[in-house]
Amino acid sequence: MTRRSCAIYATGILCAHLLIVGIALVVAQVFQTMIYNRLKKELTLTEASRVFESWKNPPPPVYMEYYFFNVTNPEVFLAGGKAAVTQIGPYTYREYRPRENVTFLENGTKVYALNPKSFVFVPEKSRGNPEVDILRTVNIPAVAVMNELNSYSFLLRTFVSMWMNSIGVEIFMTRTVHEVLWGFKDPLLSKIHAMKPEVDEMFGLMWKKNGTDEGEFVFLTGERDYMEYGRIDTWNGLTEMSWWSSNQSNMINGTDGSVFHPLLSRKELLYIFAADLCRSIHLGYVEDVEVKGIPAYRFAPPHDVLQSPKENPTNAGFCVPAGDCLGTGVLKVSVCREGAPIVVSFPHFYQADAMYVNAVEGLSPNKEEHETYLDLNPTTGVPIRACKRAQLNIILNRVPGFPKTKHLNVTIFPIMFVNETATIDDDSATQMRTLLLIVTLVSNFPLLIVGMGAILLVVFVLLVCRSRQKKNEVKRIDFTEAFHSFTTAKDETAYTQVSDKPEVEPSENNHTNQPMRNGSYIAMSPVEAQKC
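In this note's numbering, the protein residues as written are 875 to 1406.
Keep in mind that the hints are not guaranteed to be accurate.
To be verified - No more than 20 Å apart at the CA atoms, straight line, and that leaves these computed lysine to any residue pairs for SDA-like:
#1 Lys1166 x Thr1297
#2 Lys1065 x Asn1021
#3 Lys956 x Lys1166
#4 Lys991 x Lys1065
Hints are computed from structural coordinates only; laboratory data are not their basis.
Full structure from sequences and hints, please.
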C-alpha cells in the first residue's frame, strides 16, 4: 500500500469518526447540558462567591433622576379651569443600595437580607440646584387632611376648614425642590402634631427614605431549582399581602428586580415585586438589544399591567374597595400609603387613558422617555441596563365643607416622576463578554467537530477523485507508450534492394509491357542490403 493510499484511508477514517462523534454530541446536547448545569450551579448565591458579592454589593452605579411638575396657573385651576404645568429637572442622585445583615437559612436554600438605600446629589448630571429652585405644587398635607375628614360630619369639616384658613393653609404650596423631596416642617402638620404626637410634623416625598430600607426580604437562592434564583419568599414576614381585594392581586411574585434566573426565554413573563407600588407586576419580551457588546433581551411592562378591569378583568382585585376602579394607566396605592389619595402611573400618563393626559396642559407621553424596561442577558439572567420610571400623582376633587375646593374638577394631578437608571460598568461588561465567549465556544464545540468532519469529508472526496484520475492517466500513458513504440519501430524499418539493376522503365519501343517486379524490395531488417 502506497503512502497516498494510506493518507486517503486515514482521512476517511478520521472524517467518519469526527462526523459520528460530532453529530452524536449535537443530538444529545452533551456540552449544552453541561454548560447549563454549570450555570445553574454557579449562579446561585451559595455556590458562586463572585456572583454573591455582586448581588450583595451591586457594582453598576444606580442614578435616580427626579422630575417635578411646576404649576403655572393655580388660580385658574381653583376656579374650575384646566391646570397647566411645566416639567423641571432632572435632579439626579447617586443611589447606593448594599445588602446588609445577610443570613443564609434552611441549609442555604434561602437568604435573609435588608436593602437600605442612600442618595447623594450629583450636580453634573442635574439641571438646576434643588436647594435654590422654587417649585409650586399641590399641598399634599392639606389634601391628606381633607381626604381624611371626608368621612366625618359636615360641621367638623367646616370647622377644620376655617381653622386651616386662619393659619394660611392653601391647596397649593411654594417650596424649594429640596424641601419637597427630602422634607420640611409643615405648619399644618405641626399644629396637628401638638394635639396628636403620633403624627409626624415633617413632610417630604422622600422623607425618612434616605438610609432606610423597604422592609425585610427573604430570597430563594436557587439551590433546589435554578428557576427560583432570587425569587422573594417573604417580605416583612408575609408570603402575601392583604390590601387588595383578590387573592391573585395580593400575591408576592417574582424577584426584587435586581436578579433573575439564568437561561431566559423570549416566551416567558418575568415578575417583579415593587414594594413602593405595593404589588407585583409582570414584564414581557419586547426585542433583542445589545449593550456594550453584550446581547440582551428587553423586557417591559405590557399594556395590560395597568389596564382597567373593563379591559382586563384580572385587575379588578386592585380596586379598593371592590368596584371602586380607576381607568387604564393609573393605580391607586393609598390603601398601603396612609394619608393622601396617592395614585401612581407611568410618566406623563404614558399608556394611560387620554382623559388623564388631556386634563392637564403640559404633558406629552412618549415611549422613548417614559417606558420602563429591563435589558437582561439571556444566558446569565444578569441585568445589563435598566430604566424604572414611575410617576406620583394625587387625586384632587371637591370636598364638602372646604369652600376652596367647590370649583375643582376631579383631576389626577401629577406631582413628580422618577427615572431610576442603571447600566453595567465597563469592568463587569468585560468579564461578562469573556464569560459569554467561553460559554459560546464550549457549547458550540460539537458543531466545531462536525465542521472539521465536513471539511475532511471534502478533502477525502477530492483525494479519492484525484487518485482515480491518476490511475486513469497511468493506464492511458502505458497504452500510449506501447502504441508509440510500435509505430516508431515501424517507421525506422529499412528496405533492402534485391537487385542492383535499375528498374526498366516502360517505353514506347518496348512493346512488351512487363509489370513491376514483385519482391524487388523486401522489408526484413534495418541492416544494409547484401548483394546476391
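(request) Determine which of the earlier numbered hints do not hold for this structure and return their numbers in increasing order. (result) 3 and 4
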